[in-house]
Amino acid sequence: MLRIFRAVPLADKVLFFFMLTASLSGIFVVREALPQAADVIVEVDGRPVRTAPLSVDGTMAFNGDCGEIQVEIKNSRVRVSEAHCPNKLCVQQGWVSRGVIVCLPNNVVVFIGGRGTGTKKGLDAVTG
Amino acid sequence: MLLQDKYRIAVLSAYALVLHGFEAVLPMPVPWLKLGLANIITVVALFLFDFRTAFTVTLIRVILSSMFTGTFLGPSFVLSLGGGAGSTLAAGFFHYSLISISGRPFFGAVGLSLISSFFHNVCQLTLAYFIFIQRIEAILIISPFVLLVGTATGLINGIIADILIRNVRAPLPESDLAGSGNKL
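As given, the protein sequences belong to chains Y and L, one line each in that order.
Note that the first sequence covers residues 1 to 128 in this note's numbering.
Note that the second sequence covers residues 1001 to 1184 in this note's numbering.
Treat each hint with caution, since some may be false.
[Unchecked claim] Derived CB-CB ranges, DEER-like:
no., chain 1, residue 1, chain 2, residue 2, range
1, Y, 29, L, 1001, 45 to 55 Å
2, Y, 31, L, 1168, 41 to 51 Å
3, Y, 104, L, 1126, 25 to 35 Å
4, L, 1105, Y, 20, 14 to 24 Å
5, L, 1030, Y, 20, 12 to 22 Å
No lab work stands behind these hints: they were computed from the structure.
We treat Cβ as the ideally placed atom computed from N, Cα and C, and that holds for glycine.
Could you build all of it, start to finish, from the sequences and the hints given here?
Right, dumping it as structure tokens:
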């Protein structure tokens, strides 16, 4: 066995260990990367105005019906950090990693979804 | 193409077909896991003879084995053909381009077998994405596992091919090998 190992060229060994490391780390990279493929989608007046990846930290500001509303993304979670609506339910809701934050007075909806999703998903059913 | 080249291709194809058939009856823990034993023959053909022999042998093996198992022109035949052709092309490309750069074989049989298994899996995953599962997440999740298994089987096949090449080459004088290469 050792004789075979010695006879194999160095380039082959390097290639083998590279492929081993790449595929092993690939298992973890893919596992880490995929659940974060979600986006933060902000809708103002029912129209999507901004889509941002949940994995990138940052702050965004929007103009709602009650003035400026700030949305903050950090550690794959999202919150409304500042709003000028009367009871600030959206701010009190705090950090959210899935689901939706609605600021009704501002008519702003912040939700987490994959690409291609939206609040307008068509009709549930049509009768008659 | 000389008659002896045709005989050589026929014999190598027969070996590849037997290994392919042997592999099909081996029980495997998961259905997509394959040893790729027939790849040994491709690597040996590439090393001892030339790219044309290796590619022809691979094509014959893929087409005939699919006819024997009744999957000719079916979806699994497309995957098999794509994997076989892609892996042989990649192995041949690396073998000859590195020879022309460095003047001597850069990768041994093990390296070529690893390259071949890698491109076999890449081609099959790409084809599977376009033909069957059009969901990139599913392909991305499975591909590291497939590549890991491919690395392991590629190493085993490469070592077997290496032993085979050494034993076949040993009793032949160098002039004999050089002569057979020129006639193709």
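Now the hints, each set against the structure:
1. Hint check: residue 29/Y to residue 1001/L, Cβ distance near 47 Å, so the stated range 45 to 55 Å holds.
2. In this structure the supplied range 41 to 51 Å holds for residue 31/Y paired with residue 1168/L, their Cβ-Cβ distance being about 44 Å.
3. In this structure, residue 104/Y and residue 1126/L break the distance hint of 25 to 35 Å, their C-beta atoms being roughly 47 Å apart.
4. Remark: the range hint 14 to 24 Å for residue 1105/L to residue 20/Y is upheld by a beta-carbon distance near 22 Å.
5. Separated by about 19 Å at the C-beta atoms, residue 1030/L and residue 20/Y satisfy the suggested range of 12 to 22 Å.
Going through the hint list in order, the structure does not satisfy hint 3, though it satisfies all others.
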